[in-house]
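Each chain, written out:
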Amino acid sequence: MTKRRFQLPGIQDLSKEQEDVRALPMEGQHLIVGGPGTGKSILALLRARRLAQEGAQYVFLVYNHLLNESSKQLLDEDLISKQWQSWFMGLYRDIFKKSVPKLPPTGGSSWQDIDWGSVLESISTIEPELADLPTLVIDEGQDMPPEFYQALVNMGFENFFVMADQNQQIQEGLNSTRRDIETALALETDDVIELKNNYRNKHPVARLAREFYTGDPASPPPALPTATIRSVKIPLCYEYDIEQIGRLMGSLLKMADRDPSKLIGIFTYNNEDRMQYYNGLLNCNVRLDNQKPIVRTFSNSEKNAISFDEGGILVINAQACKGLEFDTVFIADVNHFNCSDHNKDNARRLFYVMIARAIDRVILLKQRGMHCPADSILPVDASILERK
Amino acid sequence: MSENNDLFNKVEPDEKFSPVKSWQMVTNHSNLFYMIAAGMIMPPEGFGKKYYLDTVSAFPGYLSLFPNNVSQAAVNISVSEKEHLVPCIVSLELANLSGPVKIITQQGEVKDVTFPDEVDSSCQLMLVPAPLPMNYVSSINYRSREDKLRCEKDAADFNNVDLSAYTAKTTAGAFTKLKNRVWPPQNIDVPPISIPLAVPMAAGAIMGLLLNMNTRGDLSIAAGTLAFGPESSLPELASYPVIAAMGDWLQKGGDIENADVSQKLFWGIVSRVAASKYSVDQSSAVDVAIDYLETMSSVYFDEKTRGYGERLAVDLKGILGLADSTISEIFERHPKPVSRAMTLFVLRESIEDLLEFTNPQLTEADYILAAILFSAREGWIGLSKELREFPGLNAAVTHRMADIAHRIAESKIELGQPPVRPQSLLELLSPETSSMSKIQKEAALYIARELKWECIQTRINLGKGDYHLGVTTAGIQLTLDGDVKAVITEVLEQEFMSKLCNTEITGKVDRRVREILKVAK
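Protein chains in written order, with the numbering used here: chain A, 2 to 389; chain B, 412 to 932.
The following block holds chain B by itself, in its conformation from the complex (with noise of 0.2 Å):
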């Protein structure tokens, strides 16, 4: 730390004031992947115990934003804890952002401002309210180009850290221009805030994983939406108390209000399990689930309820030993949807597992809820690269999360319209009304084209008239007098879509067909 401490107290000579074209945050690449893994661009808290000091830290609860150009001795700092860190300027487009921010004046003032408007050219720091999502990064900036070589191999032993999202550029000078400013600022007195992250990373789980399960029917796609729309009415979630639910939980930050007996205890694990990833305590979120059960509030519960909980607990714990039960066995003891997505919650450990699971007594409903279990086990961040290669999904999904901190925290920030929800093929090109239009025929035949499915068929439109059918040594051959246009291959819409639910498509068909339909790739 240096021990400048006058340096906020006048104008540098190598600081030149300009308006302010981009916003740019000091850290090292370590960090930086953390962050592009939570998809949050977030305080030393969501790092669990991986964090490396970097300007993050400087003033808890806010992120110290550089106008235009950063301090030399951020980057020091930000590399100083271990010898293989590399220095990272990461540039971010704040046009849609707008809220109550503080500033650090030229003259070493803090200043309670509103962003953008009063944020005017005295500012040399900003703290903006963590997080801020990641799509908000407009690139990332490197020393030079060993040190994006490093990071790019880096990145590549963990299944996600994707690079290839965001802009590299090389700028050796942008790491060494305000040369005397000192990291951080002395005598600075801004208070903590504090930053709720894991309902938010639970959140972004959910709203990732039902969108990779949407293929499995209606009440997947409709629970997805309600992921991503929270304040979303839905009549298909009607007879679903505990999926509809999710809307208030994720509105309310993890509280639920006048919610039934079921929804309490199911989104009371929920709330649970997604806490556990940021305690201290290392207890599993299985043992933290099952403690709930057993240890579930006479004040919240009733008897009955309790009595409920306490029995699927001995289940629970029988099925992790030597039970002599197979899970069929266990469903058929069990037909509640959250029993036995706590079934599955306890014997399937990650995303992955659960996504390969099937079992003919499952109902979608169950498998909805044990997603949602198995989201706030992992969060966003447990998420694999393959799972987050949804078109669209990054950036709907760390949009969102960022606004659910916001809203939970208070902090009056606003992020801007969100990205439009993703979508899937199938809800792409399910007909609105009771046929495919134009545009989505097209896009179904360009599938069972290329995947060759057995799905097409041509109708030729005649008018009335006399036809003669001729057999040749070639074959049969339908002659017809004058000129006919209208000649229409097309897929049968109720094969197409049958087949299209019990088929995973992804890379260059899937982008087509989104070029087709004219949506987000």
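Isolated chain A (complex conformation) (with noise of 0.2 Å):
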């Protein structure tokens, strides 16, 4: 399979605004608010190989397993990436010589959150640790709750280098506002830097994701490109009958195939959508110019190793989308996502983070003939979003 790999920008590649974050000084505590695109995950990268390089200490902090293994595999040199929480739960126990306290499991799930309080309140009894912290690196800093922050200079961390998006929060109330965030690293709000323009998306793709903005006025959208030939990549929503879902497969492995290094995500409302679309990519045969792409899929439950380091296809569920970035995504099916009358802001939200990991194309599956609540939502302008 052909490799993908993390490259350095050329000179012509950054703008002047990334070049004011890249040139903040390696001290200190900076927080650059950007939404999808504005190229905060290449600064972070770039800060931790130059922090490497200069031989400082630091650790690059991401929101989830798999944003922790792409940043990994993408960048060539040693990148010391942690996820938050294992990161978090390490150096309790370095510390406090205990596990960190959590909250009882709710909702049915065996999941438990980290118990803020009670960690606030060891963190309060020990003198806080003045040498030898690492610079923190942290990507999609919007993420972790602001009761982190607070930890962590209460611990005595003092060099900061936070990159957050506020409008790509997925689960809202668990994560922190630019506000908060200013607090927890006594910033002011002059102090942030603001990435305004979209860098990754290609233009339609731009356009497609500026639909689906909420409108948080702390975290602007990124401004577009300006374009006056109509391009040829218009996102599509691409309607298909479910017995010929055969062929469907058929497709988006010549898809694969015409760039192997190209990494296609497949976006699924859930577990079933998921999983019939990996095996219905696995047990599809058609003929090919290359090897039959690597298809991959992941849930957080499974933990199975991804690699991002080559092109493919990786099936996942929407809510695992976050940060990561394709070369082009579909969302499938459609029809599945919930979109009531209730849940329209928060599908709106998804949507928008989902659109915004391609880098070039975005096409929309829809089962013909069924229901499909996302309509409500999906621009009808055809120069947005086309429908075949």
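For the record, the hints were derived by calculation from the structure and aren't laboratory data.
Misleading hints may appear alongside valid ones.
[Claimed, not checked] Selected chain B positions facing chain A (Cβ under 10 Å, derived; list incomplete):
(1) Asn570
(2) Glu668
(3) Gly732
(4) Asp764
Don't be surprised by glycine CBs; every beta carbon is placed ideally from N, CA and C.
Two chains, each in its own frame: build the complex with the hints.
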């Protein structure tokens, strides 16, 4: 399979606003806010790389296991990258010689959130450590709760490089607002750098993503690139007959085969859809130019290893796509996404996140003849979303 | 901007006029990095949206060069836009430059003169029509060791900024020499000139990419030769009119005369894609190219050709989506080189992707046309450090890019003899007659030994006589009378050339071979 690697940017690839971020001092507290595609992750990786080259201690903290894997694999050099909760629990154990306190499970799930109240209480009993603490480079910093930042500051961490986008929250209420992070890091609003332009998504992708922007003024949507020629890559809502799903799978495999270095993401609403697409692709055999593309899936419960340093197709649930980057994104099947009246804003936010994962192309797959609640939030303008 | 506006009317007390030892340009490190990556010292238009105010914007289209010492105000302006900018003074060696320039005299007058003969000690500032090639840079001067280190660390964040090719100096005093000179000079009226950059930038990438491809075969070598010397007449290209039209395109700066339909079509796409890099419209290169196919002018194309363009556009759009075709199936439907090159152009984004692409149906000509399209999209600035490492490439390309720009602009600026066209080892080791020369044989043997290729033979020339073959416990022994001098170890040329065609040789081995062959490293 063709390798995908993080490539250093050319001088022409970073904008002036991104250069402002790159030039920030290696020490101190820095918060950078920007929407999807504004280059937050690449700037965070460049910062981690520079810290490593200078022999400074640092940890690159990310939201979830998938992001951790993708960051590690895309950067050629060794990246000291951790999933933020695992890292924090290890740190707590090292200091207090016991496990981090947790809240009881809720809602029938076995998952236990960290009991931040108890954590902060424990930290208040110790003297802050002022030496040998690493610089924390945090990507998707809006996904960590405010107490996380408070705890780190109380422990004596001084050097932060936090990248955040408030509009990429998927689990409302569990995350930090821009103000929360500013307060924890004792930053004035003027100290925060805002990245305003979208560099990742091609214009048609960015244009579609904008349709789902929920309008939080704290983190405005990235400005659209200007383009006057109608793009050949207008996002597509493709209707297929369920009886012809085998043909659809063949077309997906051929698309992956036409450029084996490209990573195609298929985002599904639930595990049932995820496994249907995953198995469908595994079992589909069509004539291809290259070896059959690698088809992978991932679920939080299985935590199977995922490779991001090669092309292919990754089938994941929509909730797991945060912070990842794909060349082409399929949203399948849009019929199944919950877009009831009381959930419309959440649905919009989720579509915003999913679409903004795509660099190049977005295709929505829709079963023909099936009810599709998402129609109520999909744009009707064919110059934004074509229908076939 | 300084408010003092009379300083060009008198000689400043801190200035001593002496013959010009070197010409200096003031900028900041970010602009300098951009110019290194772009291969040209150029005006703000060449920087896209990433130009930071410095001295090159003072007189649009001209580069402002100081004789010997620079004004401190120019230094201050060049780092005024952002705190993180580092000032740099670029020393230029202009021994090969000649042609019409403007000078601003100590009396504050603008004079049209010819460089170098008419530039005398009255010159306080020389305005040279942009661009100049980066191989004119003799050194980069930093204010302090800290600034130099900071720039070196910064450059390492980019894949196309190689500071190691330039002599670095730390000369704090150079930044504060002319303390009382204002910048920009006031009450000076110089009409702006327009500088074409799209074609030179695409041309640089075409040269670089074709050179990196020239182990693919004779056609690639011929195409590369034409890119470096567009006036050449190469019989190898006689059967490939679209490729051969490159010479005209480079010489005429984007236009080709007396072209047939295929030539017009292909080079029309190349011109538009190259120009799109410098357009405020951010439509993608693929959109620009397909739009051209769909809207081909009836002035230039007949109905049949326009029909072909429209059909190709439809197919290209299809394969960007859920088309039920592999690339091989697409190539089967589209056997023409232009169609195949366009297919690759829409399906692959980076030059590295193109270089890795293989398909048994793809001919060398298809591949060369695709490389030209990719070059137009990326420009020389889009070539990574790895692709620029080819010995002698940087100097040869940057000089030619600037030369093309001046030719198109009709500036009458002469940059001197261009550096010799770099050659691949395949070219350097190809025998001019039926067999390699002695020096080629020596170099070939070195490669074969270093890379442990099984294509070495040892030949012993023997005169007439009786030879005794004996079998001992150690093996077979040939006993010869007298002193045998003619023991020759050499490569089997055919096998060697075949291996050379299929192997990328870089670094130490490449450098050593060029030493043996006595060519540029």
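Identify every previously stated hint that the structure contradicts and give their numbers, smallest first. 2
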